[in-house]
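J.: Listed below are the residues making up each chain.
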Amino acid sequence: MLKISLSRLEELFAAIAEKQTLYIPSDRADGAAEFTKWEPGKALTQKLNTLRSAKDFFFPQTENIVDFKMEGKNIQVIDQRSEHEDFVIFGVRPCDARSFTILDKVFLSEPVDSFYKNRRDHGTVVTMACSRPAETCFCGTFGIDATEPEGDAACWSDGEDLFIKANNDKGQAFIDSISSLLEEGDTAKLDQVKAKTKEILSRLPLANLSTAAFGGDTLNEHFNSEKWAELSESCLGCGTCTFVCPTCQCYDIKDFNTGNGIKRFRCWDSCMYSDFTKMAHGNPRTSQLERFRQRFMHKLVYFPANNNGEFGCVGCGRCLSKCPISMNIVKVMKALEVK
Amino acid sequence: MQEAMIKRAKELLADGSVKRVIGWKRGEFAYDITPAVFESAEELDKDFVFDDFTSANVSKYLVKESKKEGKVLVFLKPCDTYSLNQLTKEHRVDRDNIYVIGIPGGPKLDIEKIKAKGITGILSVKNDNYTLKIDTLYGEETMPFSEAILDKCASCKSKKHVTYDELIGEDGDVLDSDRFDMVEKLENMTAQERYDFWREQLSKCIRCNACRNVCPACTCEKCVFDNPNSGVENKAASDSFEENMFHIIRAFHVAGRCTDCGECSRVCPQNIPLHLLNRKFIKDINSLYGEYQAGADTTSRAPLTDYTADDCEASIVHERGAE
Amino acid sequence: MNNDTLIPHVGVVTDIRIDTPDVKTFRVVSPEGGKVFEHMPGQCAMLSIPGVGEAMFSITSSPTNKEFMEFSIKKCGCLTEWLHAMEVGQQITIRGPYGNAFPVDTELKGKDLLFIAGGIGLAPLRSVINYVRDKRGEYGDVQIVYGSRSKDDLVDYKEIIDEWMADPGVEVDLTIDNPQEGWDGHVGFVPNYVKELKPSTNKTVLVCGPPIMIKFTLAGLKELGFTETQVYTTMELRMKCGVGKCGRCNIGNKYVCKDGPVFRFDQLDALPDEY
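Protein chains in written order, with the working numbering: chain Z, 1 to 339; chain D, 1 to 323; chain W, 1 to 275.
In isolation and in its complexed conformation, chain Z is listed as follows (with noise of 0.2 angstroms):
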């Protein structure tokens, strides 16, 4: 397999960024890791993960979609879109290499959503498998191998060497942009290495949690379960889960008026919040109960029920060390598969 030499990182980076825009996990001021723009100097970080998901590359929180200039009794749509730039987000972890797919199945199915899809067009996805799952892990109940990631291409380490290998032909096209820095190397040590992780994995606290109770086919069983009212009772009604969640995606669209127009922008939005589906005559979902049993049933039984079987969750943890009542989709799923 192709490999650098960890110690070259750096010159990688640079030589990625020369041709396109390189966004890296790195550590912010206070510890956590976010998504940044790659500049000299800025490092890769050590932590596991990023503390907000990748989606906003794809799926921004904010976005202007249209602009409308009003002159008396009419109305004049601008489409503000352009191509977007090509870009390289390296270092996506499989799980949320993984929601890019299950965001791909909202956004690219029929009627295609276009701001989504510019983008997706143009951003190669360079992924990092795991060495060091943390106990919160748990994607591979969604069948995700934390050693063996998708995305364009994927990368490994093996404490001395990244290797990287494409996985599609936009993977193969970034390799071939930075071929000369690599060189065939030997994996010997990488598949120690993967066989570590592999033992680690199946060890992790949350190795045996399985979707089996979920499914499209299980739709009254579980809306009808009593056990949504003990799972609530304590949700804050934030909407923290849903915006650190790689798969969550629904959204608010909303107007401004600049004084000069008005801009129209699509925003991130949580069916936690109480607005959620309130109309100017009526709201169907009242209480928390309801809000926070369609959060949960959406992911586990009405995802799953319009694509295949694909549950809406990659087993990130993130909503697991968010949430601020240490409610989650794990404690959900373990309450409900009891029968």
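Source of the hints: derived by calculation from the structure; they are not laboratory data.
Just to be clear, a hint being listed does not mean it is correct.
Mimicking DMTMM-like on lysine to aspartate or glutamate, the simulated pairs with C-alpha atoms at most 25 angstroms apart in a straight line are [claimed, not checked]:
no., chain 1, residue 1, chain 2, residue 2
1, D, Lys68, D, Glu39
2, Z, Lys278, D, Glu242
3, D, Lys113, D, Glu69
4, Z, Lys69, D, Glu242
5, W, Lys258, Z, Asp104
Here are some, though not all, of the chain D residues that point toward chain Z, as calculated from beta-carbon distances under 8 angstroms [said to hold, decoys possible]:
no., residue
6, Gly27
7, Ala56
8, Tyr61
9, Ile122
10, Leu137
Some chain W residues well away from chain Z (every beta-carbon gap over 10 angstroms; in silico) [as the list claims (entries may be wrong)]:
no., residue
11, Pro21
12, Asn100
13, Ser150
Ideal Cβ placement from N, Cα and C applies to all residues, glycine included.
Since the structure of chain Z is already known, use the hints to place chains D and W on it.
T.: Chains D and W only, in chain Z's frame:
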């Protein structure tokens, strides 16, 4: 302590004094504690937990729970009792329907501080005479307890329970805390430095509303930021300054009512030190109107909602701004 | 770059009809003239006044009308208040069509049809009624039971009297909730009136109105011997995108904007009771 609490809760449930118990429920790991309502001895035995990670202030749940039929037992740490008093003062809870057992406070631990040391794969955390012994997937780790203390506990203002019906353990005193040190540091910055500090912090905000929703002082039936007719209900940021305004407006709204419980910063997924905004207000109120601690009692008149002839003039803003 | 469904077209309001004290019908054409897009009866469109809001409305006119689209809109929120304050010539934005349609070319073909509507619930059915009237030979008998709070609240009253009632193959049964001077027709709630009328159970039913009316009407129809597979309705939930992506108009795994708004009652029954 946990055993004594469970025992007492069971007694009060059994003799019918209370119908429900608000406490903390153990999770999947050593640290992922969920506030919960317990209704039976079995539930208490199975899941009730009180340890170094039970930091959540459960007083806000009383807004909902105290209005239900039957008395509710709540375990409150000293800091949490200030929140309950403030809620009582604002008529947001039915104090007569609440039975408070005061329990010792922290310091509690912050799992994020343990993880920040690079410790991962955490299977258990034990406090061995103020050294944390952490069993992980990658072997045992140790670190001093003092380095993993939650920020809100590190600057604890009081070990005294300001309201309770009974105590388990002893009551403490109001402490001479160093909680305004960081505020002073910010005050001593130049305006530009201070602006840069807050811009950097607040620009991390993802508008998840966790700070607002956990805040015991934020109990409006309908928040202005959730009201489409208010003109400020914005999930989308129309400019990069908007999330800053959200926090500043919220700090104004809870000024004089915030007890400095520190929950806002504890729950912030982006590690924004939001409590510093509130502490600035508390510090200013103390210096402009005399020492005042929100939640210390249920009867006194709050400086910002009370008029006295000695109140500072509005020009104080101008005078201070010139400094 | 390809067109994106979220980027709307401009429409011009060329006529505004006052139907009731709180319902107006707006005629919309493209600035170049003609319809902004084609649709099928039961489909919806997103109308917007930029800066005010955007919301989903059923298209009230029949697709057989080749000149314009119409929307009967009740004033009940921020956007609709603005729409009601508009004058002729005002431009709005419009995108669509969204959702499925009543199965006019399949399951309804050749059938005797019973339309049951309450209040503004007539709006989505009017599209089907006029479609069927324009293709009269392709359907059996048409019966329309329509009720409102008062005579003044009957939407499209003039069209009902002048056109529908004058149409030989159409039976129209009107009712209002309470007696009123100048009204010698039926008085009473729609569900009860349907039971009194005892329509033949070989009819296929299309019902729309307030949730409470739909609930009791369905119960009444069952008493008369109708089955859920004979009855269609059209739903309304909060929508932002119109294409099943923004994630808020779902009932179970079905999105009202995409999989609906038209559902048969046996289909609705299989979904959670959350609407």
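J.: Taking the numbered hints from earlier one at a time, note which ones the structure violates and give those numbers from smallest to largest.
T.: Hint 3 is the one this structure does not satisfy, whereas the remaining hints hold.
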